[in-house]
Each structure stands twice: as structure tokens, then as C-alpha cells.
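Q: As a plain string of letters, each chain reads:
Number of protein chains: 2
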Amino acid sequence: MSKSFNEIFEKVKQLPPKKVSVAVAQDSEVLLAVKAAKEKGIADSVLFGDADKIRAIASEIEMNVDDFTIIDIKDPIEAAHEAVKYVHDGKADMYMKGLIDTKDFLRSVLDKEVGLRSGRPLSHVCVFEVKGYDKLMFLTDVAFVPYPSLEDKVSIIENTVEICNAVGIDMPKVAALTAVEVVNPKMPETVEAAELSKMNDEGKIKDCIVDGPLSLDLATCPEAAIHKGATDRKVVGDADILLFPDIQAGNIAYKTFVHFVDSENGNMITGTKAPVILTSRSDDFEVKVNSLALAALVAEYMKNQKGNE
Amino acid sequence: MSKSFNEIFEKVKQLPPKKVSVAVAQDSEVLLAVKAAKEKGIADSVLFGDADKIRAIASEIEMNVDDFTIIDIKDPIEAAHEAVKYVHDGKADMYMKGLIDTKDFLRSVLDKEVGLRSGRPLSHVCVFEVKGYDKLMFLTDVAFVPYPSLEDKVSIIENTVEICNAVGIDMPKVAALTAVEVVNPKMPETVEAAELSKMNDEGKIKDCIVDGPLSLDLATCPEAAIHKGATDRKVVGDADILLFPDIQAGNIAYKTFVHFVDSENGNMITGTKAPVILTSRSDDFEVKVNSLALAALVAEYMKNQKGNE
Numbered sequence: 000m001s002k003s004f005n006e007i008f009e010k011v012k013q014l015p016p017k018k019v020s021v022a023v024a025q026d027s028e029v030l031l032a033v034k035a036a037k038e039k040g041i042a043d044s045v046l047f048g049d050a051d052k053i054r055a056i057a058s059e060i061e062m063n064v065d066d067f068t069i070i071d072i073k074d075p076i077e078a079a080h081e082a083v084k085y086v087h088d089g090k091a092d093m094y095m096k097g098l099i100d101t102k103d104f105l106r107s108v109l110d111k112e113v114g115l116r117s118g119r120p121l122s123h124v125c126v127f128e129v130k131g132y133d134k135l136m137f138l139t140d141v142a143f144v145p146y147p148s149l150e151d152k153v154s155i156i157e158n159t160v161e162i163c164n165a166v167g168i169d170m171p172k173v174a175a176l177t178a179v180e181v182v183n184p185k186m187p188e189t190v191e192a193a194e195l196s197k198m199n200d201e202g203k204i205k206d207c208i209v210d211g212p213l214s215l216d217l218a219t220c221p222e223a224a225i226h227k228g229a230t231d232r233k234v235v236g237d238a239d240i241l242l243f244p245d246i247q248a249g250n251i252a253y254k255t256f257v258h259f260v261d262s263e264n265g266n267m268i269t270g271t272k273a274p275v276i277l278t279s280r281s282d283d284f285e286v287k288v289n290s291l292a293l294a295a296l297v298a299e300y301m302k303n304q305k306g307n308e
Numbered sequence: 000m001s002k003s004f005n006e007i008f009e010k011v012k013q014l015p016p017k018k019v020s021v022a023v024a025q026d027s028e029v030l031l032a033v034k035a036a037k038e039k040g041i042a043d044s045v046l047f048g049d050a051d052k053i054r055a056i057a058s059e060i061e062m063n064v065d066d067f068t069i070i071d072i073k074d075p076i077e078a079a080h081e082a083v084k085y086v087h088d089g090k091a092d093m094y095m096k097g098l099i100d101t102k103d104f105l106r107s108v109l110d111k112e113v114g115l116r117s118g119r120p121l122s123h124v125c126v127f128e129v130k131g132y133d134k135l136m137f138l139t140d141v142a143f144v145p146y147p148s149l150e151d152k153v154s155i156i157e158n159t160v161e162i163c164n165a166v167g168i169d170m171p172k173v174a175a176l177t178a179v180e181v182v183n184p185k186m187p188e189t190v191e192a193a194e195l196s197k198m199n200d201e202g203k204i205k206d207c208i209v210d211g212p213l214s215l216d217l218a219t220c221p222e223a224a225i226h227k228g229a230t231d232r233k234v235v236g237d238a239d240i241l242l243f244p245d246i247q248a249g250n251i252a253y254k255t256f257v258h259f260v261d262s263e264n265g266n267m268i269t270g271t272k273a274p275v276i277l278t279s280r281s282d283d284f285e286v287k288v289n290s291l292a293l294a295a296l297v298a299e300y301m302k303n304q305k306g307n308e
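Protein sequence lines correspond, in order, to chains A and B. For the first sequence, numbering that gives the first Met the number 0 puts the final residue at 308, and the numbers step up evenly by one. For the second sequence, numbering that gives the first Met the number 0 puts the final residue at 308, and the numbers step up evenly by one.
No lab work stands behind these hints, which were simulated from the structure alone. You may find that some hints are simply not true.
If several chains are the same, the list does not tell them apart, and a pair holds so long as it fits within one copy or across any two.
As the list claims (entries may be wrong) - Okay, derived cross-link-like pairs now, DSS-like style, lysine-lysine, Cα gap no bigger than 25 Å in a straight line: (1) K227 x K52; (2) K102 x K185; (3) K305 x K203; (4) K10 x K172; (5) K227 x K102; (6) K10 x K37; (7) K233 x K185; (8) K39 x K90; (9) K197 x K185.
Full structure from sequences and hints, please.
A: Laid out in C-alpha cells, this is it:
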């Protein structure tokens, strides 16, 4: 079980070489990240996009283009189409967004012929290494699904459990977070959280332990659970997955972790057939590299699962 | 302008002596806090409740009962009634919850004859001193108003601006937080945040600068505002008040600050005629003392405001 990004990096180095397909690669920050991924032994890259622009940026950032395959396609939509097809056809292990609108990028992911649909709805997970917390924290959904229904939340859990499995957490503990730790009929989020816990008890949500409603302190602080006399809960201060009631709660908490907590993170889109990396402009370089390492680990896991089917 | 709790303590020491009226005081943690408040020159206390029990606890915690006035009332509801009346009648400056149900305590606060109604709805503010943030942060509402309407949000802002004024912040900057920083018609929280900003421009919300929708990074990180090209916003990384869209977002972020951020805090109920301290069992001793100091400063401010009317 990986407890830090350093451990993830170490694991990834032991894997068979991975390859990332980048859609519209003429972006200096993305190229810096794939350059670092190459250097760190995380993955090789195939760069789809405007070859002249890619080469110009590469020379600026002292990146040796001979280390990378460049496929020259000027039109962004077409470049994304070919880049995602490359993953779809098994020629690369993961798919990364470059200088293309998020909507167009996601359209390529969801393309019925050459995309990476798995049949499950997509969601987003942000994996945090937090100083003072003894395990990785998987925050979801802080960026992608604005107001998940109960059904959506089941899918989000399933998507995220797969990522946990990939980093070696076999039976992740899921905290369905709300403001309080008891059901309050006036707070629908608490009712839904309890429903998820019940569905888990009934075997309708498998391969994980779901508890809810849980406040953040009960979910992540064993002392708080003891102090509140809540030690009989299924999750007592040691949650792996923090499931947020909606994107407002998720995104604000996520940004608190990023900007005020001693932590680092990496993120990816989940619910796809192969890992999809959609970091944003505001993500640091470090986040992009962490995300590539995480995706490499997930790619290996998915390949092995497919092999076992 | 106070930027830390130490500065608040220093200010409070300069004030005329303050007195806190405690409802149902037979609670060791509350007595420890009022003992510390006495020692630190924050406030004297009048303890309403079961005198025998108060004296027994006092001797356990080495508290000199001669330093305090004890009013022996065994029945908790009656004790709260007399304790709040004491503040209502101007004999004490602030009102604090002891060993009584929150509901019963709030009922005393809202009592039409002897309570502390101001005509505005009550709300809650949690004041944070956060390492790395150059000013105090006023989080609201993380505990009291579950799903504030637009009208409620206006009252919450007004209530919190008063507390800011009391600690010397004359024109606080209010960030109406959501997951994103642009209006999205599919996210009602963003529409409401923009509406608050507009009401502020039109002079309907006074004595503060309201901006919204704002993501947490734009609200609190100047670098993020520059990075995102959002430097023309009314609030650029220097918010005083963080207004949350609902209690789920507010409470989860609040607990992230408490448990994972290098910070300390104090909190109080706002919208009352005198400061009301309603700390919870899970609040540390430090939080209770900080809350008493904050309330003392607010009490002085309210008294001066009344004098100026």
C-alpha cells in the first residue's frame, strides 16, 4: 500500500515502461511535466499536436525532442481524436490533456468509437498526501460532478475504489461526509450518506467499507472519534476516500488542502478504460508529475485486471 | 486591526473589566475556561447553576471560588433564564453556555422578555488565525444556519461585519465562496453569490466589500488571483470574511482548518444584542478562551456603539 507519492514513484519505476498520449501537446507546462516523467522513469510520451510549436517550446525548456514521438496534427480536435485513439488502440497506456478546451478534450474521452468509455459515468479523484495523516486521502468529487445523485455517488465510490486498489489499498474506507455525523431529515445529504452506508451493508456497494454521515473530524481524526464516543462507527478517523456531498463542499475543502495544508497531490479522471490526466492550469508542476505517476500505477493495475478477466 | 489572538488578548486587557454570565456552569471544561479568562484579565464570571456541583468541580480544578459569583439555581432552564436576564439587564457583558442542551440555551437567548434578540436572525462566526495568512479569517456560517437563503446570507454578512468592526476591521472584504469563480446558471450558489456582490455595489449591503462567486484560492491567495488573471476582482486573495454557500461546505472546510491547518480559532453567535459564546464539547480549551477574548472585544464595541446611538 502506497502512503506517499515517493512510494508511488518507487513502485512505478519497477513497472514495465508506460506511455502517455498527449492531446495538443504545445503547452510548456505540460511538456515540462512529460519531460520530468521521462527523466523519473514514469512514462514515455507521444505528443499529438503542432510539431513546429512543440519543437519551439521544447527548445525553450531544454527538452530533447528525440526522446519523444511527435505526431504532427495542427487541428486540436483532430489531434485529440488521434491521441485518444492511440490509447484506445492500446498503443499508449494513458491519455493527457494539453492545450485544448476541457470540453473538447472530454468529448474525445467520451467518443463512442475511439474514446475511453467504460460504461460507468466519469468522475474525478484528487489524491492527497497530507502531513500528519498516516495514509493517502482520496478526495472525490471536487471538480467534475457538480450535484451527484445517490446513483452518481455509488458510481463515484466504485470509480475511486478502483484507484485505491491500484495503489494497493484493498478494502478502502469511504467516509460520506456531511456537516454532521447523525442523520438529520432536514439535511438530505445526511440521509443520502446513511443510504450509501446501508447499501454497502447490503452488498450493493462492494469492495469497500462505506460509513456516513460522517463529519470530517470523525472521518479523519481518531481522537475526535474517541472524544465523541463514536468508536463503534465503521470508519473511525481512518478514511481513505472522502466522498463530498456536492462540488461546493468538495472544491472548497480541496482548495483548503492545496493552499493551507502541508500536503501534495495528484489527480485524474476515473471511470474510464484507461487513466485520463486532466490537470488544470492552476495545478503546480509537482501536481502534474504526481498525476502522471498515479496514472501509470493505475494503468498497470487496469492492464492486469483485464488480463485476469 | 487585530491580526492574531495574542493581539486580541492584549487589546482586551486594556478594556474596562468585562463580565460573563454562564448558564448552568457545572461543567469542568467551561469552568477551566472562565478560570483562565479571569487569570488572563479577559473577564470575570457570574456562575448560574448548581452551587454544590460548581464548588465540587472548582476544587478539582484548583479554581478559587471566592473569585467568582455563584448564583445557586438547580434547574437548568431556570438557571439559563436568570443567566441570560443578567446580561439583558446589563449586569454582565456576555453570555456563555454551560452544561445545558443547545436547544434550551438558544431558547434562553431568543426569549422575548429576558433574551438577547436584536431583531436580526442569529448566525455563527468562527474566527481563525491561520499561519501564512496575513489577517484573521472569519468563516461563516459553519455551524448554525444550514441552508441560508439569499436574505439569510445578507443577514449573515451584516452580523459578521459587526464582529470584524469590533476587532478593528473597518471595511471587511467578503468572499461569497463557491466551487468556481464565474457565474454558472446550473449552479444556483454562483448566481446567489453574484447577486450579493451586486447588492453590495448598489449599497444594499453596506460597510463591506462583497465579491462573488469566488473560489477559495481567489479569495485567499493573491498569487492564484494573478495566475488566473483575476486581479480586477473586488477581492483578490485578501478576504476577511469567507461566506459559505451552505453548512456542508462550511463545516467541512472549518474542520479542515481545525484539524489539518496550522491555526487557532475562537467562535461566537452573532446577531444578538450582546455576545453569546456557544462552544462545543469538541472545542479545545484554547478555543474556549479565544472565544471569551473575542466576545469581550465585541462586547466593548457593542457598548460603544450603543453609546453613540
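Q: Look at each hint and say if it fits the structure.
A: Going through the hints against the structure:
In this assembly of identical chains, K227 and K52 lie within 25 Å of each other by CA distance solely across copies; the values are 23 Å between and 58 Å within a copy. For the homomeric pair K102 and K185, the shortest alpha-carbon distance between copies (16 Å) is at most 25 Å, but the shortest distance inside one copy (36 Å) is not. For the homomeric pair K305 and K203, the shortest alpha-carbon distance inside one copy (23 Å) is at most 25 Å, but the shortest distance between copies (61 Å) is not. Only within a single protomer do K10 and K172 lie at most 25 Å apart by alpha-carbon distance; the minimum there is 22 Å, versus 46 Å between protomers.
With identical chains, the CA atoms of K227 and K102 are at most 25 Å apart between copies only, with a shortest distance of 19 Å across copies and 45 Å within one. Only within a single protomer do K10 and K37 lie at most 25 Å apart by alpha-carbon distance; the minimum there is 15 Å, versus 57 Å between protomers. Proximity of K233 and K185 under a CA criterion of 25 Å is satisfied intra-copy only: 24 Å inside one chain copy versus 35 Å between copies. For the identical chains of this complex, K39 and K90 are intra-copy neighbours only, at 21 Å inside a copy versus 69 Å across copies, given an alpha-carbon limit of 25 Å.
Taking the shortest Cα distances, K197 and K185 sit within 25 Å of each other inside one copy (19 Å), while across copies they are farther apart (30 Å).
The structure is consistent with each of the numbered hints, conforming to all of them.
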